[in-house]
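Using the sequences provided together with the hints, build the complete structure.
One-letter residues, chain by chain:
Protein chains: 2
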Amino acid sequence: MQDTTIPHWLSKQADISPHCSAIELVNGQRLTFEELKNQSQTYAKKLADWGVKEGFHVAILSTNKQEMIVAIHALSYLKAVAVLLNIRLTKDELMYQLNDADVCFLIYPEELKDKASSLSIKHQASYTEIHQRHPKKIALAKEIRLNDPFTIMYTSGTTGFPKGVIHTYGNHWWSAIGSALNLGIHDQDKWLAALPLFHVSGLSILIRSVIYGMPVYLLEKFNKKAVHQAIINDGVTIVSVVTVMLQQLVEELGTNQYPTTLRCFLLGGGPAPLPLLKQAKKLNVPVFQSFGMTETASQIVTLNANDALKKVGSAGKALFPAQVKVESSDQTIGEIYVKGPMVTSGYYKKPEATNKILKDGWLATGDLGYLDDEGFLYVVDRRNDLIISGGENIYPSEIESVLSGHPAIKEAGVTGISDDKWGEVPIAFVVTNTQIAFDEVMNYLREHIANYKLPKEIHEVAALPRNASNKLVRSQLRHIRKE
Amino acid sequence: MQDTTIPHWLSKQADISPHCSAIELVNGQRLTFEELKNQSQTYAKKLADWGVKEGFHVAILSTNKQEMIVAIHALSYLKAVAVLLNIRLTKDELMYQLNDADVCFLIYPEELKDKASSLSIKHQASYTEIHQRHPKKIALAKEIRLNDPFTIMYTSGTTGFPKGVIHTYGNHWWSAIGSALNLGIHDQDKWLAALPLFHVSGLSILIRSVIYGMPVYLLEKFNKKAVHQAIINDGVTIVSVVTVMLQQLVEELGTNQYPTTLRCFLLGGGPAPLPLLKQAKKLNVPVFQSFGMTETASQIVTLNANDALKKVGSAGKALFPAQVKVESSDQTIGEIYVKGPMVTSGYYKKPEATNKILKDGWLATGDLGYLDDEGFLYVVDRRNDLIISGGENIYPSEIESVLSGHPAIKEAGVTGISDDKWGEVPIAFVVTNTQIAFDEVMNYLREHIANYKLPKEIHEVAALPRNASNKLVRSQLRHIRKE
Numbered sequence: 001m002q003d004t005t006i007p008h009w010l011s012k013q014a015d016i017s018p019h020c021s022a023i024e025l026v027n028g029q030r031l032t033f034e035e036l037k038n039q040s041q042t043y044a045k046k047l048a049d050w051g052v053k054e055g056f057h058v059a060i061l062s063t064n065k066q067e068m069i070v071a072i073h074a075l076s077y078l079k080a081v082a083v084l085l086n087i088r089l090t091k092d093e094l095m096y097q098l099n100d101a102d103v104c105f106l107i108y109p110e111e112l113k114d115k116a117s118s119l120s121i122k123h124q125a126s127y128t129e130i131h132q133r134h135p136k137k138i139a140l141a142k143e144i145r146l147n148d149p150f151t152i153m154y155t156s157g158t159t160g161f162p163k164g165v166i167h168t169y170g171n172h173w174w175s176a177i178g179s180a181l182n183l184g185i186h187d188q189d190k191w192l193a194a195l196p197l198f199h200v201s202g203l204s205i206l207i208r209s210v211i212y213g214m215p216v217y218l219l220e221k222f223n224k225k226a227v228h229q230a231i232i233n234d235g236v237t238i239v240s241v242v243t244v245m246l247q248q249l250v251e252e253l254g255t256n257q258y259p260t261t262l263r264c265f266l267l268g269g270g271p272a273p274l275p276l277l278k279q280a281k282k283l284n285v286p287v288f289q290s291f292g293m294t295e296t297a298s299q300i301v302t303l304n305a306n307d308a309l310k311k312v313g314s315a316g317k318a319l320f321p322a323q324v325k326v327e328s329s330d331q332t333i334g335e336i337y338v339k340g341p342m343v344t345s346g347y348y349k350k351p352e353a354t355n356k357i358l359k360d361g362w363l364a365t366g367d368l369g370y371l372d373d374e375g376f377l378y379v380v381d382r383r384n385d386l387i388i389s390g391g392e393n394i395y396p397s398e399i400e401s402v403l404s405g406h407p408a409i410k411e412a413g414v415t416g417i418s419d420d421k422w423g424e425v426p427i428a429f430v431v432t433n434t435q436i437a438f439d440e441v442m443n444y445l446r447e448h449i450a451n452y453k454l455p456k457e458i459h460e461v462a463a464l465p466r467n468a469s470n471k472l473v474r475s476q477l478r479h480i481r482k483e
Numbered sequence: 001m002q003d004t005t006i007p008h009w010l011s012k013q014a015d016i017s018p019h020c021s022a023i024e025l026v027n028g029q030r031l032t033f034e035e036l037k038n039q040s041q042t043y044a045k046k047l048a049d050w051g052v053k054e055g056f057h058v059a060i061l062s063t064n065k066q067e068m069i070v071a072i073h074a075l076s077y078l079k080a081v082a083v084l085l086n087i088r089l090t091k092d093e094l095m096y097q098l099n100d101a102d103v104c105f106l107i108y109p110e111e112l113k114d115k116a117s118s119l120s121i122k123h124q125a126s127y128t129e130i131h132q133r134h135p136k137k138i139a140l141a142k143e144i145r146l147n148d149p150f151t152i153m154y155t156s157g158t159t160g161f162p163k164g165v166i167h168t169y170g171n172h173w174w175s176a177i178g179s180a181l182n183l184g185i186h187d188q189d190k191w192l193a194a195l196p197l198f199h200v201s202g203l204s205i206l207i208r209s210v211i212y213g214m215p216v217y218l219l220e221k222f223n224k225k226a227v228h229q230a231i232i233n234d235g236v237t238i239v240s241v242v243t244v245m246l247q248q249l250v251e252e253l254g255t256n257q258y259p260t261t262l263r264c265f266l267l268g269g270g271p272a273p274l275p276l277l278k279q280a281k282k283l284n285v286p287v288f289q290s291f292g293m294t295e296t297a298s299q300i301v302t303l304n305a306n307d308a309l310k311k312v313g314s315a316g317k318a319l320f321p322a323q324v325k326v327e328s329s330d331q332t333i334g335e336i337y338v339k340g341p342m343v344t345s346g347y348y349k350k351p352e353a354t355n356k357i358l359k360d361g362w363l364a365t366g367d368l369g370y371l372d373d374e375g376f377l378y379v380v381d382r383r384n385d386l387i388i389s390g391g392e393n394i395y396p397s398e399i400e401s402v403l404s405g406h407p408a409i410k411e412a413g414v415t416g417i418s419d420d421k422w423g424e425v426p427i428a429f430v431v432t433n434t435q436i437a438f439d440e441v442m443n444y445l446r447e448h449i450a451n452y453k454l455p456k457e458i459h460e461v462a463a464l465p466r467n468a469s470n471k472l473v474r475s476q477l478r479h480i481r482k483e
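Chain order of the listed sequences is A and B. When the count follows full-length UniProt numbering, it moves up by one through the first sequence with no breaks and lands on 483 for the last residue. When the count follows full-length UniProt numbering, it moves up by one through the second sequence with no breaks and lands on 483 for the last residue.
Each statement offered as a hint is correct.
Pairs of lysine to any residue, SDA-like flavour, derived with a Cα cap of 20 angstroms: (1) A:325 x B:141; (2) A:359 x B:3; (3) B:310 x A:187; (4) B:311 x A:19; (5) A:221 x A:248; (6) A:325 x B:140; (7) A:325 x B:142; (8) A:142 x B:376; (9) A:310 x B:15; (10) A:325 x B:18; (11) A:421 x A:457; (12) B:225 x B:261; (13) B:278 x B:255; (14) B:65 x B:26; (15) B:310 x A:18; (16) B:325 x A:15; (17) A:311 x B:18; (18) B:325 x A:18; (19) B:310 x A:20; (20) B:359 x B:147; (21) A:359 x B:142; (22) B:142 x A:363; (23) B:359 x A:145; (24) B:311 x A:18; (25) A:142 x B:371; (26) B:359 x A:143; (27) B:225 x B:255; (28) A:224 x A:259; (29) A:65 x A:29; (30) B:142 x A:376; (31) A:45 x A:135; (32) B:311 x A:15; (33) A:142 x B:363; (34) A:359 x B:145; (35) B:281 x B:252; (36) B:142 x A:326.
Just so you know, these hints were derived from the structure itself, not from any lab. In this text, all values refer to a predicted model and were calculated from it rather than measured experimentally.
And the structure:
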């Protein structure tokens, strides 16, 4: 059996559609596929001059910038693997990922120089420093083998240990094709990326762009006015959003209507509140709910245009190349399993963790849901105790583990509570050894975990709710708060 | 490395779009994807009752009928391989293919019963006979492994020995995806199939249909009025044609215009005359020329919407997952090579013939052409001496071989001459041992080769043009005729 080989996707698109827009920025700047290819190839040769080569793991710590896209494609021309770092993580969190992923080079924009310098990784360079380098004369990849690894992104899962999800080119390819078969491919499509490119929800837009020959409308960060401007004046047809963004957009829209050119808000990042979906439907806002995780290279179950209005609240059906099933003892709610060529083949250097979630191609998502009588998926509960706050995944176990590291804290429990702005926010419960001030705990936490993970409340309790096996029952934590 | 697995494509589409049209007939009849799935699954179980099972090679001898589509999908549910036979072949030609492909069962429509009965293949049944059978209770395929073989179709190539091209599910899948990335996928698409489904140009429309969730508008055979009716009144958006069809359609169109819903005539089957392409352009007829062969599972190089009018006469660029190159000593015209996951991995039981044309994934097409400075392919000459007549491939060597079998004929040479109606027709040159009448030769030929292959002229000559190595120089034959 042969590994499937295709031409390098950016080179190919530059050949087919040299003068079409690949990237559009809010200031009106645009880059064609030919320009993007040329810049990426030159960039690859400059990186090669720093010593980057095939098989190297190169981390990118960056906000959504054109240079980040160039850097990602450049790494593919070198057959190096891009490790995409969440810029909101603390130094400790980043160092864990850099070490775990065997990263040997770090790339970042000028404004993150301080953060990058604080990381003990010897070989690193800012975008500007790379640009100043001379391109090395080397041969670049002309083809892509779908089974080769392309990116690594970290996700914590339920164990509290972040694990590097390996995405092959094939995972990204099949994800893009699955999405195309669901949404169609229209000549005028333009996809807005306001989600971070270091998450698969953002990165997948870039991949679709090079495969479909479609411009990405890139925002450095989400801003409701900028998104509206892009939809109303700049012809954006598809926007990837998480609940908190959709909420703000619908609010901002008021009683107005979007132009008919807007054909899809692709909604990811956890179940959305039904009232919001109903309001969107009332306003003719085309919301396509979806379900996916880093391990599935973005959406793997998505509503389509025909069903978006009929099945409000459902995440839809598995994309064409994928399958979904729910395993339950009573034929109703159970764990959601998915299968398909977009699903990761595993975590980097974590065969045990991989084997735990992947069996015969089926991925145990940890999320609970059910299929209705027409086979539409409804997600009813997040993977175990996952908190999704403004589209970011927060794993209680991770915060608990840091809290328990403080000498004054004996044990800790973390759970999520609903929040008007962020969907959910974490709150913590601690059993202490000695008295300790809230501020002191928060300062300690700030040193170790990213800001978005900081608990909004910390409650001192006499004991944590535990079951017969002495396992923490996080679902009961919020009841303690109410008492 | 794992074999890529996807859900069974028809079951999947029936799940996603149960009530959408899968097949539409000229009489207004339609079949939804759910109905097509149910019929195909029942058909599979009936075939199983005849003993058909996984790995069996089952031949289908049929015109374009709904039952043929059902039979093809039924075989996929059984993991059997469909051997698709050209109904225009003679008994001898068919027997060669049936034996070579190890066919153990033959399916045909009632009206071809006589032809089928004349073939010495023990297990055979008409559509009606299969329908009357009781469905056997067996488990059907739920998934498709892309590396599994799905169809075998015969092509003669230059050696005169017909060879069975094996298409895996993956070859068909990638072909459909490559086409989608070129033409886009629009909600209202409806693809007209007037080309025979036993050719890959016709069959590929069925595969796109189940993958895109798009109706096939099926014609039993080409008829310019029916095609116009389908485009003008029935919303057909894409039509696969060969030159002779396009010619008739453009003639029939006169000074009228097609509705804007028609977005593509996908033109295959050999280079088209430039005057026709220019006239089509003048009339705003959207012709997308393409290049492909059975070995590439249909088109592999195709013009796109942007370039169709700019590059009249070109076959375009390789589809997204494919590559094309021209090998020549002087950087101009040379042999065309193609590569991509839609390219067959070889001929059935013919490793030598396979190795002759396939090296490192590159397929030597035998056709001559060049790439212009923007990388567009222009095909200047057919594979060796191939004659393309009304979209059917005719290999001179095959006719020569039959002619030489006649006791009165010492040697024979065949070439093509241009023909107003068919594009090209074969003519023959024979060196005789004893005198023989034209009619006698023709009667002899009719017994052995399909009608469309019959030479339109037979010239008796003293000697055939041969080169220094005594090899027949077919290109000089037409000059003898003029003398």
